[in-house]
Amino acid sequence: MFNTALTWNDLLFLAQGAGMTLAVTGLSVAAGTVLGVIFGVMRFQLGPYWFAPLTFLLDIFRSVPLLIQLVLGNALQSIMRLGWPPFTTSCVVLSLYTAAYCTEIVRGGISAVPPNTRRAGRSLGLTWSQDMRYIVTPLAVRVSLPAWIGLTLGVMKDSALVLWLGLIELLRASQILVTRLQEPLFILLICGAFYFIISFPVARFGGYLEKRWSPND
Amino acid sequence: MIEIENVHKSFGQLEVLKGINLTVKKGEVLTIIGGSGSGKSTLLTCINGLEAIDSGRIVVNGTDVHAKGTNLNKLRRSLGIVFQQFNAFPHLTVLENVMLAPRKVLRLSKAEAEAMAVKHLTHVGLADKLNVYPSRMSGGQQQRMAIARALAMSPDYMLFDEVTSALDPQLVGEVLDTLRMLASEGMTMICVTHEMKFAREVSDRVAFFHKGILTEIAPPEELFDTPKDPNLQQFLAATH
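For the protein sequence lines, the chains are A and B, in the order given.
According to the numbering used here, the first sequence is numbered sequentially starting from 1.
According to the numbering used here, the second sequence is numbered sequentially starting from 1.
No wet-lab data here; the hints were simulated from the structure.
All C-beta atoms in this analysis are idealised placements derived from N, C-alpha and C, irrespective of residue type, glycine included.
Heads up, some of the hints might be wrong.
Beta-carbon label-pair distances, calculated as ranges [as the list claims (entries may be wrong)]: (1) 12(B) <-> 127(A): 26 to 36 angstroms; (2) 131(B) <-> 137(A): 14 to 24 angstroms; (3) 52(B) <-> 211(A): 42 to 52 angstroms; (4) 12(B) <-> 54(A): 23 to 33 angstroms; (5) 110(B) <-> 26(A): 31 to 41 angstroms.
Using the sequences plus the hints, can you model the full thing?
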């Protein structure tokens with residue numbers, strides 16, 4: 001096992017794969033979170049009845065396996081002659097997938113803010129948007145953060161599925177090396193280590209924020 | 001002046017206010033007493049527009065609260081309200097709690113808002129708690145902070161909705177003392193309360209609510225010593 005044919009260039013190749021994983025995840029989580037916040041606020045304001053059509057759509061993104069979404073999404077974009085490269089298609093599908101989960105996280109976070117606290121804010125003359133910005137957002141973010149960190153880490157690993165559209169991200173890069181060097185265990189071990197290295201800071205950052213906010217509660 | 005004319009309000013089938021008429025003049029201290037579910041608290045939330053009314057009119061400083069096109073956010077600046085639950089903003093320090101609305105609603109500078117906040121927090125006896133988070137304070141301290149937070153908007157009227165009901169008995173006194181102080185300074189106040197001794201002491205007039213109707217209103221000596229409404233007689237007998 002320690003007598004490996006793996007070279008520094010191969011490691012670099014894996015690192016590039018990890019870079020692709022990070023790029024896909026970063027873009028998708030960013031876009032998905034923005035969408036999730038918009039949908040989550042709408043869901044809270046409109047109530048379950050008026051938001052039902054969007055809930056149904058988001059439920060589809062939450063219940064159909066991501067792999068199927070990616071393949072269908074790719075087929076759809078080619079049928080519609082959008083001419084998207086695999087990277088764009090991957091990010092769009094993953095963003096909607098993230099948004100579907102994020103919507104529920106945001107809705108839950110807003111619901112967790114006691115109505116009486118908000119009434120107190122409105123009684124002081126704060127407008128709806130001021131109340132949302134200065135009272136609801138800080139309190140909801142604290143409640144939602146652990147779930148959102150979990151979602152981000154989940155999307156980072158789920159993003160491996162974009163290899164089906166031909167993107168060479170971390171897992172695909174490892175597969176290529178496994179095929180060439182025939183050292184599956186060793187290479188997958190390194191691949192796992194790469195995933196850990198890019199996930200760990202996210203998890204720690206979440207832990208840090210939670211700790212920083214907790215003495216105020 | 002707050003003018004309440006024939007106000008009706010229902011929650012579903014339950015009519016909680018059945019035609020209330022009441023006028024509160026500037027500088028007056030009015031307390032409202034009555035059993036639970038008599039509509040006292042609902043009336044306060046209708047005065048500042050947190051709850052809509054079904055019919056009638058509430059006019060504050062000449063502005064019809066429930067008319068279409070009334071800027072409620074603006075109107076609420078003149079109506080401070082303190083609730084039974086203290087409703088502190090838990091993510092902000094005591095100073096920040098009090099500064100938030102003056103900064104964002106009145107658009108005061110940071111220095112002005114801070115000076116205003118410190119003034120009112122000192123007034124309610126919390127000068128040594130400025131940078132503490134609400135969760136580190138007792139209920140009485142949190143309630144006094146809520147009073148300072150409302151006062152910092154320089155309201156014309158203060159509405160107190162059973163502000164001592166959620167407090168441990170030994171903490172009630174400090175909050176009532178704060179209210180007494182405000183009353184003696186000439187603040188116009190409407191207090192919904194179960195503290196009869198306090199009501200007798202500070203009020204110019206006391207109103208008794210029974211099942212959504214204002215059945216009797218009189219100066220405290222008259223209302224407490226010679227109650228006319230049989231329901232009020234029963235209520236007073238039960239609270240002593």
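Which earlier hints can't be squared with this structure? Result: no hint breaks.
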